[in-house]
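Student: Single-letter residue listing:
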Amino acid sequence: MELYLYIALFAPLVGSLYASLFSRSPKSQHVGIVASGLLFTSFVSSAILLSYVMGGHTVHTEMMTWIAAGDLYIPFGFVVDQVSVVMMMVVTIVSTVVHVYSIGYMDHDKGFNRFFAWLSAFVFSMMVLVMSDNFAGLFIGWEGVGLCSWGLIGFWYHKESATWAANEAFIMNRIADLGMLIGIFLIYWNTGSLQYDVVFAEVGNLQIVVVTWIGIFLFIGAMGKSAQFPLHTWLADAMEGPTPVSALIHAATMVTAGVYLVVRANPIYDLIPNVGIFIASLGAFVALFAASMALVNRDMKRIIAYSTLSQLGYMFVAAGLGAYWVALFHLMAHAFFKALLFLGAGNVMHAMHDELDPFKMGGLRKVMKGTFIMMTLASVALAGIYPFAGFFSKDLILEVGFVEHHYVIYTVLLVTAGLTAFYSFRLVALIFHGEERYKLFGIHPHEAYKFMLVAMSPLLVLAMIAGAFKMTYFQLVMNLLPATQYHIHSQTTFWIMTIGTQLFVIAAILFAYKKYANSGVSVPDGTSKMENSFVYKLLWNQYYIPKIYDEVFSKPYAELSRIAWKQIDLKIVDATVDAIANGIYKTGENTRHIQNGNLSSMLRWMVVGLVVLMTLAVAFSVGYNVVGA
Amino acid sequence: MFEAIAFYLFAALTIVMFTITVMTSQALYAITAMAAGMIFISAFFFILGADFLGAIQIIVYTGAVMALYAFGMMFFDTTRDVVEKRTNPQIVFVLGVLAAIMVVAIFVAPVVSNNIQALYPIQENIGNSQAVGMVLFTKYLVPFELAAVMLLVAMIGGIVLAGKKMDKSLTLMNEEDILSMDDGFEPQEGGH
Amino acid sequence: MEITLTHYLVLSSILFAIGLIGVMRRKNLLMLFFATEILLNATNVAFAAISHYIGDLSGQMFAFFIIAVAASEVAIGLGLLIVWYKRTGKIDLDQMNSMRG
Amino acid sequence: MLEPIHVSLASLNIATLAPMLIAIVGALTMLVIDMAKGGLHKSLYVMISLLFLLLDLGALVDFGGVFLKNGTVLGFFDVMLMDGIAILSQIIIVAGSMLFIPLALTSKRFHEYDYPEYFALFLFMIAGFQFMVATDNLILIFVGLETASLALYTLIALHNRSKSFEAAVKYFTMGALAAGFYAFGSMILYAISGSVEINQIATILAEDHYSNIGYVLLSMAFMIAAFGFKLSMVPFHTWTPDVYEGSSAALAGYMSIVPKIAGFVVAMRLFEFLVHSGIVWLQVILYIGVVVTMTASNIWALVQTDVKRMLAYSSISHAGFVMAAILIGTTQANTGLFLYWALFSFTNLGAFTMLWVNRQKNLLPEQSSDHPYEKFSGMIKTMPMGAVMMGLFMLSLAGVPPFGLFWGKLYMIGSAVSAGYTVLALIMALNSAIAGYYYLKLIVFMFMKEPMVGYEKFYFMNASLSLKTIIGIAAVGTIFAVFAVNPLLKVITLFVYNSGY
Amino acid sequence: MIDHILTLLIFFPALAAMLGFVVANNSMRAYGIAVAFIEFALSLWLWYAYDPMVSGMQFMESAPLIAAFGINYLLGVDGISLFIIILSTFFTLIGIASLTETRRIKNLIITLLFLEMTMVGVFAALDAIVFYVFWELSLVPMLYIIGAWGGPLRIYASVKFFLYTFTGSLIMLVGMLFMAYFYYQATGQWSFSILEWYRLILPENFQLWLFAAFFFGFAIKVPMFPFHTWLPYAHGQAPTIGSVILAAILLKMGTYAFVRFSLPLFPDASVFFMFPIAIIAIIMIIYTAMVAYAQEDIKQVVAYSSVSHMGVIILGTFALNVEGVSGSVFLMLAHGVVSGALFLLVGVIYDRRHTKLMSEFGGLASVMPRYATIFGIMMMASVGLPLTINFVGEFLSLLGFYKQSHMLTLTAGVAIIVGAIYMLAAYKKMFFGTVTNDANRHLKDVNRTELIGLIPLVIVAIWLGVYPKPVLEPINNSVESVIQLMHDKAQSAEAKARIPDLSGKNGITTMQEAH
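Protein chains in written order, with my numbering: chain A, 1 to 629; chain B, 1001 to 1192; chain C, 2001 to 2101; chain D, 3001 to 3501; chain E, 4001 to 4515.
Read the hints as simulated data drawn from the structure, not as lab findings. It should be emphasised that the depicted structure is a prediction, and the values quoted were computed from it without experimental measurement. A portion of the hints provided could be inaccurate.
Unchecked claim - Computed from the model, here is a short list of chain E residues facing chain A with C-beta under 8 Å:
| hint | residue |
| --- | --- |
| 1 | I4201 |
| 2 | P4203 |
| 3 | Y4287 |
| 4 | V4291 |
| 5 | Q4295 |
| 6 | E4323 |
| 7 | M4380 |
| 8 | L4385 |
What the hints assert, rightly or not - Here are the computed lysine-lysine pairs in the DSS-like style, where the Cα-Cα straight-line distance is at most 25 Å:
| hint | chain 1 | residue 1 | chain 2 | residue 2 |
| --- | --- | --- | --- | --- |
| 9 | A | K547 | E | K4428 |
| 10 | C | K2090 | B | K1168 |
| 11 | D | K3037 | D | K3108 |
| 12 | B | K1164 | D | K3468 |
| 13 | B | K1085 | C | K2090 |
| 14 | A | K555 | E | K4469 |
| 15 | D | K3042 | B | K1164 |
| 16 | B | K1168 | C | K2086 |
| 17 | D | K3037 | B | K1168 |
| 18 | A | K547 | E | K4496 |
Idealized CB from N, CA, C, for every residue including glycine.
Hey, can you work out the whole structure from these sequences and the hints?
Tutor: Quick look at the structure:
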């Protein structure tokens, strides 16, 4: 089985290296094919591992030593257990799909080969992240996906906004990584190891305050990667990257790493329910917060990105409340439908020549039937309509909130569910229904390549049926995660809640259709009353948070840096050194006239010297006699 | 009593003479006062029983040294009033007086010592010159001989410096000029 | 009223101070040299006096050598002055300032 | 009646006079040769001087062996004192002279070397210095000092430029004043001890428990003034830069080494017992003097525009540095003094020889002095070996290891540290840092600037084989000093320790 | 020969440099490469012959130098110095091989070879004075390199560099003399042997003063805030080769000296000064990172980033545990490789455009993709991405210091953020966007000569990031013995507590036992 493990892990790396060999050559189809093929190999290996793990085994291997210093021992160790194998499946499936899709999507891009190099490298990093058997290895993957994310967001490096977004994403993640790093330090100094098994065995013996800090710092790391408030701004900006990237990294895999971390570290979080509550509360807040921003946004990808953010909030609610398996389940389901949604959006973008404003689209269902169906279904799944994947995972989270008696969280999530349905179908309606506003811009949309649609189809299938595997999945992960079943005890309540939620969501969908699917959609132009309302503006400007960050952090930092250099470093620190040197030199300049070359004054100086010596002699001898020494 | 009178008299005289020497602007006065001061000093030597020293003082100082200075004065044509630019005369006097005060401040305390022994005691029964001779040619033979060397050095130095060869400077001349010079400039035989 | 060593020493120091003043005050080199002679003479008086009061000949010896030194100095000093005078026609030390700083 | 004094020849220890006599005989020989046949080339006199100095050195080395076997030798009614430091310093004096005298063999002609008397005076001067260090009799010290000084004044003036006259006159006048100080100081010592021999003075003062403290201090004030002049301590230093500038580079280099070591030895004899007597005043004064001398001269050296003047100030600074040894007063420090000076002489020899080598007779119109920094600019391009050599000497002077002076500095600072003078050690170290600047300045000019048009032909203007050889010797001595340090240290320690210092 | 391999390593380049005077100008570069290669091969042989399991000194050589004053020619390497020596020879080779300078190349190469002698000497010396000799001597070639081949302000920069470091080291020299004097007092013999000094247990107040004296020398060399201002000038003005050697090796002398001298000699003082120094280190990290962010000149960015990284090294050193110190020693190597490479990279663009202002560039990624890739890799290494060489060191350093202080490490950890900020910003300015300056439109990508220098560095940067063991293990073993020595020597209870006791572990020998 170790062989499969290594294949699953390194096949993407090989693909990446292969692609990077050609990174400077013009586009070559085989690069995409080879990379996709290797990804598929990785997927197959993962599947084999899954079946193996389902048999109740786990694979744990240690490839080699990485860092050994003092008592610290960090190997390149990998573990395939019930949790990581789920993640591996998600990652390999989505990434295989995205790879194949990208062959079509990036067809005309000059950086085709480079794109695959980065993309496969990302998958490799993600695999390291999920498969590692220790926190340091996790951190490697953690940073690795950050790097690839940087490279892919800034893939079109000639665009100022893209590179800016790339740097923003990297730096924001770094802020969180610091927290993660500190968490790792804490773990090491308190348990003496970074191996999951050792740490989790040891963590119960630690003081609760230490565990709390560990939990907090690790969660800070998770917050960055999963773009939780207040480190969320990078995710929306990250949409500057090519759309497959958004699908893979910023929807399905990387952003869920934070959730994975919390799930993985469940023995730690189990000990500190208070932190869990905080995580859940933050998750609920983010769910609502992000959904609210998605309501008014006019950028197709950003809307989906906010939706991702919102769903991540859901996952954190589950994880925070201790329902780790639920979180992981939603992660999985979400990966499928959200990736699908993004890829569909990618098709639309292609068709619309990279136009992102849904108000400039409309009526696309006629020319893009396949995409239309897929996106609609994905949206349905996202909204959580039975029997799609979203229903099983998302409803479960609501139930968890209810069962655990966190009614506020429950209510928030419920409202969010409605909002989600609304903005999802607002988007669908604006894109695919209504009049063909794009004609004004002289665009002739066309459907994407067939194989791209084919490539997307596994996701569609999974988005539709993933819910059916709920019990299989539960059986699988209960070996590793707390096997709490969340059932509302009263059947009546359960039904009322379920049906109520469904009705609420459907109502929201209908409202969205009613408002945006007809032909008379008013394109917002800043004149309508709604647009001038405070709330709209607040949402439109993303609660002014990017602006605040810019004003409070970026600009002052730049200014402070300038001051540090020009004022402090040059004018104080360096000037002091120079002043000492110059002072000595000036003293020389000012006193050299003592040596004026005049013999008379030379003689006088000698006498002065003598008189001074004599004066001191007299003074001293008087003192000597007085003291009588 | 006689000793006291002589001391004060000659002390006053030397002080006055030397003061004139350093204060006057007339070179002639200065050198005359100087010579007089020297002679008065020899008087102290006689009072103190250092006859030999007194004689030397008169011969060497008043005879040789003063003669040399007089020669120098004539050479430098400084018999007229000497014009000197005075800079900060106050400092000069303050320093001088301070120096005097400091030294005197120490000197007013008598020397207390139980261990001073005359290593070369002055014997009453013999003349000063003889005693000096004895010491000079035993203990101080080496300094004496070295003094001879010193005088030789002074002589050579004086002659060389004042000699005619110093009128031209090979140091400043070009190589060509030196070569083109007739060989007469080469050190002449025994020309001192 | 007995004349003690202190009297001589004080006299000597007064003469020495006069010499110092002369050294500092004089700009004419020849007359400056006079002042240096005064310094040495002042010392000689003291040497002779000490020699007398402690009954030891070394002081007189010292004075003797000081006189010798003084005489030698005159020779060299005048020699230097002569070459300087030949070059510049002056023996005023205010003229000597080609080197400074 | 006066008793006849019976003196046995053996008790005189005439051998103690031998080294000085050799020098004096050498000088007289030259005078005689000149008398017999004039117009002989200077090389003859250089070689004769060298020969006699070699004999002198041989005699001294021989004495060194005697000293190590029998200890201090007294001679001539205990006037001559051949102890370890006397022998050591004489060796430095004679060896230093031997290295400098061949500098007369320049390819250009200079006025002084056309005088046979120059070489005679040179040897007389050496004899004077030798007498000065080989006695503890204040009278002989005085006479020796004056002999040497008078000869030196003449040697300076013989360079025959108006600047050299000016230098000689300034030196002479200040020297005369210093002689007055010395005489007066000795007089006071004599007044309280009845002796003119330093050993006896020390003994008597100790027996009196320094009861005449005022007298002692006053005499020390005069003595410090007198030796401060000789060793160019601030503020008695003012002659140094002018005199160095006025004299030929060769003689300036010589003056920075030989007269100073003589002065150090006498200062050591004179001050050491007082330092050890616990008279705080002297320590304080020396402390101040050392620090001020080091620092002030360093600071003035920074602002010089002429290399020779810079080196003059630097040598003041080095002298101040070494004066610290007398303040510290341990055997280690005194050993350090000799070690330092031996190493210093090599480096300084090299540096001044380099100046001598590129001496030009007539200044260019824009040239203000003989050796402005600009003259050296870009030397690495036109005269790489010369630049490397000069750079080497500058680095050594700055105390960059492993070149000669570093070891001296190391040992000196080490002795300061081990004697408890921590602050002094720090000041010494920091002064070395300040000094780094002006040595570096020359290196900067030589290695980092473009050559100035018109100067390049002067770089080796004055070079002759013997000068180059001396530079080579100095360079080798400077570079490989590290291998010489250990034997030197051993020998010097032996000599110094056995002399009781 | 193996007995004298260190002597050979030290003096071979110097000897070769002397012979180099004879070599004709146009063949000088080949000669330089040959010599540097032989030297590098020798140093690799040293590694091969080195026994990683022995924690003490190996290849020791001893010869009396100034026996009367206890100065001996004493050499030896342990895991701490071994790799820095190899780094020195490696960088000399790379530096000469990728040399693009054409002016007076003969002088330059001879100077470089002399510099190599001093660098190897510093790290091989076990006698304080021998150490000091090489330490000071290294200033001279560097002075010449900066001053003769540098930019417009080169003289100011070189003199500042020289005098600043010179001043610091003179104070250090006083400290060394004090140490020797203490040894003399304790044993009646002078000795400057570091190994002998290790046996001294000094009273705490003396430790503090001596620590301070040594600190000046080391801190200026490192350079630590606020003594760092010579560095930007030196780097800014130096030619590429000068910056490379300066950043890669010369700065390491200071940090190496902390490990070699300050820690084992003054364990109590090290603990006492731990927090003040950590605060300085944190200032270095954050403040200089901010200053780097404000720079307009890419070389200055790299220069200030050096200071920032040196802060992490210092922090790791003063973690006073095996993790931290091993990490900091490793980070010395890492920083050497990375900053050296970055300076080489800056040199590449400078050779083409003769400007280093970032505003002059932009969009280079499309013109010089290979260059951008290598720069990107090195930038990421500099930022400390896992699986690059820097990460191992930074991680261990911070991890180590975390044991001592949580808050300070948290603050210091900001390094990974601010480091990313200035580096990414600089990279963006240089490489991203569109080509706006016509002068950049036809720039040639890195050529073969430059690749010869850069590729090995990239390989090393990644190889040691992925598999640091061959290097980290010997370092770790030697550091363990240092830490154990410190623990044994520590007197105050706090020091005992802060410095871990490793005596329970197998295979630890203290320095004394090792000799």
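Student: So, against the hints stated earlier in the document, which numbers end up violated here?
Tutor: 1, 2, 12, 14 and 18
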